[in-house]
Amino acid sequence: MSTGTISRQLSQRTAFSFITAAAVITVAPVFFIIVYTVIHGAGAINWEFLVHFPSQAGRAGGILPAIVGTFYLMIGTLLVALPIGVLAGIYLTEYARDNWLTRFINLAIANLAGVPSIVFGLFGLSVFVLACHFGLSLLAASLTLAAQALAMVITTSREAILAVPREYREGSLAIGVTRWQTIRHIVLPQAFPGVVTGAVLAISRAAGETAPILVTGAAFLLPGLPNSPLDQFMALPYHLYTVAAHVPNMPETTVWGIALVLLTVVLSFDIMAAVIRIKTRQRK
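Numbering (this note's numbering), first residue to last: -13 to 270.
Derived by calculation from the structure, the hints in this document are not laboratory data.
All residues carry an ideal CB built from backbone N, CA and C; glycine is no exception.
Warning: the hint list may mix true and false statements.
[Stated by the list, open to error] The following label-pair restraints were derived from C-beta to C-beta distances:
1. Arg(-6) / Met258: 38 to 46 Å
2. Leu211 / Ser254: 51 to 59 Å
3. Arg45 / Val16: 49 to 57 Å
4. Ile91 / Arg45: 27 to 35 Å
5. Ala43 / Arg152: 17 to 25 Å
6. Thr239 / Pro102: 38 to 46 Å
7. Arg165 / Thr239: 54 to 62 Å
8. Ile70 / Ala231: 14 to 22 Å
9. Leu211 / Gly100: 56 to 64 Å
10. Phe4 / Cys118: 34 to 42 Å
11. Val16 / Thr239: 33 to 41 Å
12. Ala99 / Phe178: 39 to 47 Å
13. Pro15 / His232: 25 to 33 Å
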């Protein structure tokens, strides 16, 4: 075996070792957090904890209003951010010309993703709570989180649409199909898995945000569930923050139980997105 062949094999093994180590370093903290949360929070999970209202400032009872409020918040964010984000991605990819305005918009979207969440919270307080007179409500919080999620939805939608081969568009247009029909029946079905991934990532992030909902409508304890979008609500991240930081003599198992429920909600959406992607690719 020549010296060059040995050198290439050694380089390949070294690169493979570094890549494997990087993958392990990336996965290990996630795995540790999940296992640690399950070990410390599983003892609090029971039927009463999931379906009852909290009592004694959260020390007893359950977290049903926080679970329901979190799902309402995620649905409201999805209903606002997904159509706007996908339509914006379609326009920037399929219709907008490559000029200074388009480049400025793309730069603004990239910068929007890096804005701290508390800034979005102050934006929601100023615009949706005060200017639009929605008050401290589920609607104001959903719109605030939708504004925060837009950057991720637009970016992932653009990347998914750009990944569709140009030949599909050209072939469709060559037989007389309009551009919108091509986008609707050819491009979007092919880009659907990527769009779903972006939407789920955005909603998962929204489910764990505390700062934006802190100033736009979340409450610590409420006597009932929200009956309309203009009512205040409870949410798992804010409830977890409050019981962990501001409620004295709070049982540690209960705190970790709330964290475990929140983690389960987020992971369930991630798993659902993975299933949708797999089934969509199988149909293709």
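Tell me the hint numbers this structure goes against, listed in increasing order. 2, 3, 4, 5, 6, 8, 9, 10, 11, 12
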